[in-house]
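So you can see what is in the structure, the chains are spelled out below.
2 protein chains.
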Amino acid sequence: MKTIEPKILKGFRDFLPQEAKKRQYVINLLKKVFESYGFEPLETPALEYEEILLGKYGDEGDKLMYRFTDRGGRKVALRYDQTVPLARVVAQYQNEFPMPFKRYQIQNVWRADNTQKGRFREFLQCDADIVGSSSSLADSEIISLAERSLEKLGFKNFTTLVNSRTVLKNSKASLNFIKALDKQDKLSKDEFLRLLSIAKESDKEAYEYLKNSKPEDDSSLREIFNNKNLNLFYMPTLARGLDYYTGIIFELKIDGYSAGSVCGGGRYDNLIGLFANKQIPAVGFAFGFDRLIEAMEELNLFPGNLTATKVLVTIFSEELKEKSLETASFLRSKGINTELYIDGSANLEKQLKYADKKGIPFAIVIGPDEVKDNTITLRSMMTREQKSLPISEAIKNFKVNT
Amino acid sequence: MKTIEPKILKGFRDFLPQEAKKRQYVINLLKKVFESYGFEPLETPALEYEEILLGKYGDEGDKLMYRFTDRGGRKVALRYDQTVPLARVVAQYQNEFPMPFKRYQIQNVWRADNTQKGRFREFLQCDADIVGSSSSLADSEIISLAERSLEKLGFKNFTTLVNSRTVLKNSKASLNFIKALDKQDKLSKDEFLRLLSIAKESDKEAYEYLKNSKPEDDSSLREIFNNKNLNLFYMPTLARGLDYYTGIIFELKIDGYSAGSVCGGGRYDNLIGLFANKQIPAVGFAFGFDRLIEAMEELNLFPGNLTATKVLVTIFSEELKEKSLETASFLRSKGINTELYIDGSANLEKQLKYADKKGIPFAIVIGPDEVKDNTITLRSMMTREQKSLPISEAIKNFKVNT
Numbered sequence: 001m002k003t004i005e006p007k008i009l010k011g012f013r014d015f016l017p018q019e020a021k022k023r024q025y026v027i028n029l030l031k032k033v034f035e036s037y038g039f040e041p042l043e044t045p046a047l048e049y050e051e052i053l054l055g056k057y058g059d060e061g062d063k064l065m066y067r068f069t070d071r072g073g074r075k076v077a078l079r080y081d082q083t084v085p086l087a088r089v090v091a092q093y094q095n096e097f098p099m100p101f102k103r104y105q106i107q108n109v110w111r112a113d114n115t116q117k118g119r120f121r122e123f124l125q126c127d128a129d130i131v132g133s134s135s136s137l138a139d140s141e142i143i144s145l146a147e148r149s150l151e152k153l154g155f156k157n158f159t160t161l162v163n164s165r166t167v168l169k170n171s172k173a174s175l176n177f178i179k180a181l182d183k184q185d186k187l188s189k190d191e192f193l194r195l196l197s198i199a200k201e202s203d204k205e206a207y208e209y210l211k212n213s214k215p216e217d218d219s220s221l222r223e224i225f226n227n228k229n230l231n232l233f234y235m236p237t238l239a240r241g242l243d244y245y246t247g248i249i250f251e252l253k254i255d256g257y258s259a260g261s262v263c264g265g266g267r268y269d270n271l272i273g274l275f276a277n278k279q280i281p282a283v284g285f286a287f288g289f290d291r292l293i294e295a296m297e298e299l300n301l302f303p304g305n306l307t308a309t310k311v312l313v314t315i316f317s318e319e320l321k322e323k324s325l326e327t328a329s330f331l332r333s334k335g336i337n338t339e340l341y342i343d344g345s346a347n348l349e350k351q352l353k354y355a356d357k358k359g360i361p362f363a364i365v366i367g368p369d370e371v372k373d374n375t376i377t378l379r380s381m382m383t384r385e386q387k388s389l390p391i392s393e394a395i396k397n398f399k400v401n402t
Numbered sequence: 001m002k003t004i005e006p007k008i009l010k011g012f013r014d015f016l017p018q019e020a021k022k023r024q025y026v027i028n029l030l031k032k033v034f035e036s037y038g039f040e041p042l043e044t045p046a047l048e049y050e051e052i053l054l055g056k057y058g059d060e061g062d063k064l065m066y067r068f069t070d071r072g073g074r075k076v077a078l079r080y081d082q083t084v085p086l087a088r089v090v091a092q093y094q095n096e097f098p099m100p101f102k103r104y105q106i107q108n109v110w111r112a113d114n115t116q117k118g119r120f121r122e123f124l125q126c127d128a129d130i131v132g133s134s135s136s137l138a139d140s141e142i143i144s145l146a147e148r149s150l151e152k153l154g155f156k157n158f159t160t161l162v163n164s165r166t167v168l169k170n171s172k173a174s175l176n177f178i179k180a181l182d183k184q185d186k187l188s189k190d191e192f193l194r195l196l197s198i199a200k201e202s203d204k205e206a207y208e209y210l211k212n213s214k215p216e217d218d219s220s221l222r223e224i225f226n227n228k229n230l231n232l233f234y235m236p237t238l239a240r241g242l243d244y245y246t247g248i249i250f251e252l253k254i255d256g257y258s259a260g261s262v263c264g265g266g267r268y269d270n271l272i273g274l275f276a277n278k279q280i281p282a283v284g285f286a287f288g289f290d291r292l293i294e295a296m297e298e299l300n301l302f303p304g305n306l307t308a309t310k311v312l313v314t315i316f317s318e319e320l321k322e323k324s325l326e327t328a329s330f331l332r333s334k335g336i337n338t339e340l341y342i343d344g345s346a347n348l349e350k351q352l353k354y355a356d357k358k359g360i361p362f363a364i365v366i367g368p369d370e371v372k373d374n375t376i377t378l379r380s381m382m383t384r385e386q387k388s389l390p391i392s393e394a395i396k397n398f399k400v401n402t
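Protein chains in written order, with the working numbering: chain E, 1 to 402; chain A, 1 to 402.
Relax, there's no trap hidden among the hints.
Identical copies look the same in the list; a pair holds intra-copy or inter-copy alike.
Restricting the straight-line Cα-Cα distance to at most 20 Å, the calculated cross-link-like pairs of lysine to any residue (SDA-like) are:
| id | residue 1 | residue 2 |
| --- | --- | --- |
| 1 | K323 | N226 |
| 2 | K117 | K186 |
| 3 | K156 | K334 |
| 4 | K350 | M99 |
| 5 | K189 | K211 |
| 6 | K10 | T69 |
| 7 | K21 | I106 |
| 8 | K75 | I4 |
| 9 | K156 | D255 |
| 10 | K75 | N114 |
Derived from the structure by calculation, the hints contain no laboratory data.
Take these sequences, add in the hints, and give me the full structure.
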């Protein structure tokens with residue numbers, strides 16, 4: 001039989017255990033913070049009717065969306081973000097959950113984008129939103145949640161850049177000029193000055209207006225800037241791409257990580273109304289998961305060892321296998337994460353190498369001497385020290401998993 | 001603007017917080033058990049090249065697979081199970097992880113099946129497999145893992161039905177007869193007797209052979225039946241549908257839950273060889289997540305309250321808002337899951353109702369009296385008792401989240 005070449009689609013990724021454990025580490029921490037603020041999980045399907053998603057993300061979004069016709073002739077599309085599905089859900093089940101509705105959602109989205117460094121066709125988004133409140137307290141809570149999330153992950157220095165769509169609107173800047181301003185990060189000072197020099201007169205005036213504006217001038221910004229627990233920086237030229245924002249907009253940037261913002265969000269008071277027969281205000285954010293991981297790698301924020309296994313019970317010989325099985329069962333019953341080496345034919349050296357490769361801190365050997373003395377030999381994989389002792393003594397070396 | 005009807009595709013589901021929390025509860029417990037046995041997480045993409053998946057699940061599988069051509073003209077298919085992607089991964093990165101490779105995988109799969117009670121087009125699978133060992137210790141560990149998982153979820157009475165493909169092969173039963181035997185669960189005694197009476201002579205003989213067979217006769221079954229920690233029942237007519245099994249096969253059934261087995265698996269020593277240029281043995285199982293949830297509901301195994309929030313800090317008035325904000329920040333800094341009511345205009349009654357609906361056990365009220373006395377009023381949502389006390393006293397009522 002011909003072998004099928006094992007290959008993967010461009011822009012898609014396998015996450016082998018090393019990488020997958022890092023992802024779970026971050027997801028678990030984020031969930032904890034989200035839940036500590038009273039946010040609850042929501043899941044929506046990977047596939048939606050195409051009409052639910054089309055036209056919500058601008059032309060670019062429609063172009064990048066994965067769309068196809070299913071066997072039943074339905075036009076369907078793969079999830080493109082988590083905000084539009086949230087809007088659909090809120091409209092569909094309006095009376096089934098208490099408002100304000102605080103939900104988080106951590107699922108993959110798909111975009112047929114050009115693949116390049118750090119850009120993928122399947123990637124995870126971590127969203128948190130508050131639906132049903134137009135209070136600036138909601139804005140404040142959302143930004144606070146984003147900032148506490150970064151802290152929990154170990155980031156010490158970061159800033160939340162904040163602006164409001166109202167400010168941009170009041171400036172009367174043209175759409176193209178706003179787009180250009182939004183990308184000034186990527187320009188050199190000279191390029192930026194050139195951009196200004198060739199701008200229309202009205203846009204030059206708009207720029208002056210923005211430069212001289214203050215958060216206190218905008219009612220929604222004023223309130224959140226009063227909250228001294230937040231780490232805000234007013235950036236009147238911040239625009240953010242998505243069409244649906246109506247109020248405050250923000251991005252979180254981490255000091256020492258230059259690839260871009262790791263989180264973006266804002267208020268969108270009209271999106272849900274597209275599906276509901278009334279306006280329902282909302283505010284929220286999405287963490288870009290891949291950038292978070294990258295930033296954590298660069299700043300060395302992952303724990304040294306993410307291996308959950310505390311000990312490998314080796315198999316000395318076919319005859320003594322039972323003893324190892326019993327020991328593994330005993331350790332597990334005590335809540336100790338235990339791996340049993342499951343290939344009886346491998347020699348001890350190979351088994352210890354396996355423990356090393358998987359980052360398991362201890363190994364247990366049970367040979368004829370140990371059986372005679374009713375002990376086990378406990379080996380520290382790090383120091384290579386080993387000693388024989390009763391199993392009841394040995395377990396004191398392991399932290400119990402709760 | 002015309003409102004878009006908020007609707008969802010047939011066979012697809014939204015999981016609102018109530019349901020999503022139950023799912024997370026089960027997933028977290030399963031992960032814990034999987035990790036306590038040394039299994040590590042793996043993630044594969046939702047989309048694969050169609051040729052990777054086609055032909056691995058029989059004709060039925062090919063028919064039910066979601067397939068389409070992407071913008072780049074590639075023929076792609078949505079993940080149909082997690083075993084074939086595992087086989088592809090193992091072949092593709094053979095040298096990147098220590099063998100035997102123990103991985104678990106908890107992701108959605110998609111099948112364009114007829115929708116009916118308990119059958120969906122998008123559903124979660126929870127797989128665990130050991131790759132690279134043909135030892136019957138691996139079979140034993142896999143079954144042990146499945147059984148301990150059910151115990152951890154709270155199931156007390158269940159059985160693992162076990163058979164081997166070798167036994168079936170040795171019986172010389174015809175494929176059709178094996179398929180019929182496999183479905184005998186769904187037949188009445190009379191129907192089953194009729195099935196036997198119309199069987200070919202060779203199949204009648206095969207049935208006698210199977211009936212009289214013992215697990216001790218088969219070398220791989222003998223070993224696992226020696227493991228007294230397992231709760232096995234030999235069922236020589238068990239066949240399981242999937243084409244790729246080569247050795248032991250098993251299903252876990254829960255007493256008192258009649259909708260079917262909640263877990264199925266077996267040994268498949270040739271599947272990975274389709275992608276690799278050598279044979280790599282493997283054994284594993286998949287939990288049917290929806291059935292697990294259903295069985296847990298029926299047997300009442302979910303904790304009464306899955307709400308992570310410990311307390312709702314209400315907002316007494318616009319003027320006293322700051323006090324509530326401060327209190328919420330303080331509680332969170334102490335590791336207490338705290339929700340701040342984020343709509344300042346709602347009256348207290350509405351806020352307390354919100355706490356009730358979300359299942360939050362306590363509410364805190366900070367009005368003018370409390371501010372004056374430097375206390376807070378703590379209200380138990382269950383008993384409706386309330387008392388005023390300093391916040392430093394109040395926090396003793398909450399379990400800290402670690």
